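Each residue of the sequence shown is one higher than the one before, counting from 12 in my numbering.
Bear in mind the hints are in silico, worked out from the structure with no lab data behind them.
Please note that a few of the clues may not be correct.
Stated by the list, open to error - Derived lysine to any residue pairs resembling SDA-like cross-links, with alpha carbons at most 25 Å apart:
| no. | residue 1 | residue 2 |
| --- | --- | --- |
| 1 | K62 | R143 |
| 2 | K263 | D189 |
| 3 | K216 | L117 |
| 4 | K263 | R202 |
| 5 | K62 | D51 |
| 6 | K62 | D34 |
| 7 | K263 | R250 |
| 8 | K62 | E95 |
| 9 | K216 | R202 |
| 10 | K216 | G15 |
| 11 | K263 | R323 |
| 12 | K263 | L252 |
| 13 | K263 | T173 |
| 14 | K216 | Q233 |
| 15 | K62 | T76 |
| 16 | K62 | G15 |
| 17 | K263 | R196 |
| 18 | K216 | P226 |
| 19 | K62 | L220 |
| 20 | K216 | V232 |
| 21 | K263 | L277 |
| 22 | K263 | A276 |
| 23 | K62 | D144 |
| 24 | K62 | A49 |
| 25 | K216 | G116 |
| 26 | K216 | V90 |
| 27 | K216 | D189 |
Unchecked claim - Label-pair ranges, simulated between beta-carbon atoms:
| no. | residue 1 | residue 2 | range |
| --- | --- | --- | --- |
| 28 | P66 | D254 | 43 to 49 Å |
| 29 | D254 | A49 | 44 to 50 Å |
| 30 | P115 | R230 | 18 to 24 Å |
| 31 | L278 | T173 | 43 to 49 Å |
Note that the coordinates shown come from a computational prediction; the quantities given were computed from them, not determined experimentally.
Cβ coordinates follow ideal geometry from the N, Cα and C atoms, glycine included.
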Amino acid sequence: MQPGLVWGCARTDEGTVLIEECDDRKEAGFRWLHFNLADDRTPRWLERSTKLPRPIHDLMLARETHQQVIVEDGIVGLVLQDFERDFDAAETSQIGALHIVIAPGLMLTGRYHPIRSADIIRQRIAAGYDVRDGAAALNLAVGTMIDGLSQHVHGLAHGIQTAEDEFLNERMNPATRDLIAVRRRGARLHRLVSGMRATLVRLEKDPDLPGIFLPVAERHVQRLHALDTDVASTQAQLRQLRDELDLQAAQKTNQNLYFLSVISALLLPATLVTGFFGMNTGGLPFAHTQAGTFVAALAAITSSVATWLLLRRRP
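With these hints in hand, go ahead and build the complete structure from the sequences.
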């Protein structure tokens, strides 16, 4: 494998085949090269072997991860966000960027950190996906990224639906910490999906965009619009679940406060009575009679019962 090149493919008469060298054309009509941009040899190869416009060249090597698009001299440059991949896990919560450049007969992609979608793209090409031109390559790249986002959104929606079912069936209330984590995942997905959609809308409306890419942009803008609607619906469902949990917690708090208030109201008269008879002063009634304690207890109980009857009579 040539330094800096993660994988590549070339379109031949037999179909799309994987290649291991940047300059391995195999009589190719179209090539796709995916680079590790963190490799110091990648910028040197780009400078030596491509003649990209300077804005496109800078976009390809930029370390910024915000999503953007540039079209210049018929060459398309994109930066789209996706979830990163780790060696110990298929994906992480970290968001990285896939840099895309499409020139006549050539598509370049690159990343500074491993991207989940790049591995899936390679697997689909190895399985027989025909990358016949730049439009097909862009369709595969963006479509794979949207498929991954769709899986995240559906997983998020399923998790919220499961938590809501358990809450409604009174089996278990979701933990606040779990709901906060779900809310953060939803917000991250919303920013990612809406940002990708806005980027493709700008690509679609760019007057310099070659016509071959317009159907691809339109198709995926529609997919992202539907996916963004799903994210918004999931966020609304989460807010409704949190409102129901807050209402339930408020009701339990009010019930506990009411119970404590009733107990306090019942004990207060009795406390006053026992406090009165407990004063260490002369002349206390019943202080020198055998029934003094019984009379004091009866007075305390009577005052509590009277208070209870008064509370019950109140609307």
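Hint-by-hint comparison with the structure:
For the proposed pair K62 and R143, the alpha carbon gap of about 22 Å is at most 25 Å, so the pair holds. Restraint check for K263 and D189: satisfied, since their Cα atoms lie roughly 21 Å apart, inside the 25 Å limit. Restraint check for K216 and L117: the C-alpha separation of about 23 Å stays at or below 25 Å, so the hint holds. Pair hint K263 plus R202 does not hold up; C-alpha atoms about 36 Å apart against a cutoff of 25 Å.
Our distance criterion of 25 Å between C-alpha atoms is met by K62 and D51, whose separation comes to about 19 Å. Restraint check for K62 and D34: satisfied, since their Cα atoms lie roughly 15 Å apart, inside the 25 Å limit. With a CA separation close to 20 Å, the supplied pair K263 and R250 stays within the 25 Å bound. Only pairs whose Cα atoms come within 25 Å are accepted, and K62 paired with E95 is rejected, the gap being roughly 29 Å.
Under the criterion of a C-alpha separation no larger than 25 Å, the hint pairing K216 with R202 is consistent with the structure, at around 21 Å. Our distance criterion of 25 Å between C-alpha atoms is broken by K216 and G15, whose separation comes to about 34 Å. Using a Cα cut-off of 25 Å, the hinted pair K263 and R323 holds, with the two alpha carbons roughly 21 Å apart. Proximity of K263 to L252 is assessed by CA-CA distance (about 17 Å); at most 25 Å being required, the pair is judged to hold.
For a cut-off of 25 Å, the pair hint linking K263 to T173 stands: about 23 Å separates their Cα positions. For a cut-off of 25 Å, the pair hint linking K216 to Q233 stands: about 14 Å separates their Cα positions. Of the pairs offered as hints, the one joining K62 and T76 holds, with about 23 Å between alpha carbons and a cut-off of 25 Å not exceeded. Taking the CA atoms of K62 and G15, the gap is about 18 Å. The hint holds against a cut of 25 Å.
Among the hinted pairs, K263 with R196 is inconsistent with the structure: their alpha-carbon atoms are about 29 Å apart, more than 25 Å. Of the pairs offered as hints, the one joining K216 and P226 holds, with about 12 Å between alpha carbons and a cut-off of 25 Å not exceeded. Of the pairs offered as hints, the one joining K62 and L220 holds, with about 19 Å between alpha carbons and a cut-off of 25 Å not exceeded. The suggested pairing of K216 with V232 holds, with an alpha-carbon distance near 11 Å, which does not exceed 25 Å.
Between K263 and L277 the CA atoms are separated by roughly 21 Å; this keeps the pair inside 25 Å, and the hint holds. A hinted pair counts as satisfied when its Cα atoms are at most 25 Å apart, and K263 with A276 qualifies at roughly 20 Å. Under the criterion of a C-alpha separation no larger than 25 Å, the hint pairing K62 with D144 is consistent with the structure, at around 19 Å. Note on K62 and A49: the hinted pairing holds, with a Cα-Cα distance of about 21 Å set against a maximum of 25 Å.
Taking the CA atoms of K216 and G116, the gap is near 23 Å; set against the 25 Å cutoff, the hint holds. About 17 Å separates the Cα atoms of K216 and V90, which keeps this hinted pair within 25 Å; it holds. For the proposed pair K216 and D189, the alpha carbon gap of about 40 Å is over 25 Å, so the pair is violated. About 48 Å separates the C-beta atoms of P66 and D254, a value consistent with the hinted range of 43 to 49 Å.
The given range of 44 to 50 Å is respected by D254 and A49, whose C-beta atoms sit roughly 45 Å from each other. Hint check: P115 to R230, Cβ distance near 22 Å, so the stated range 18 to 24 Å holds. Look at L278 against T173: about 45 Å separates their beta carbons, and that is inside 43 to 49 Å.
Of the numbered hints stated above, those contradicted by the structure are hints 4, 8, 10, 17 and 27, listed in ascending order.
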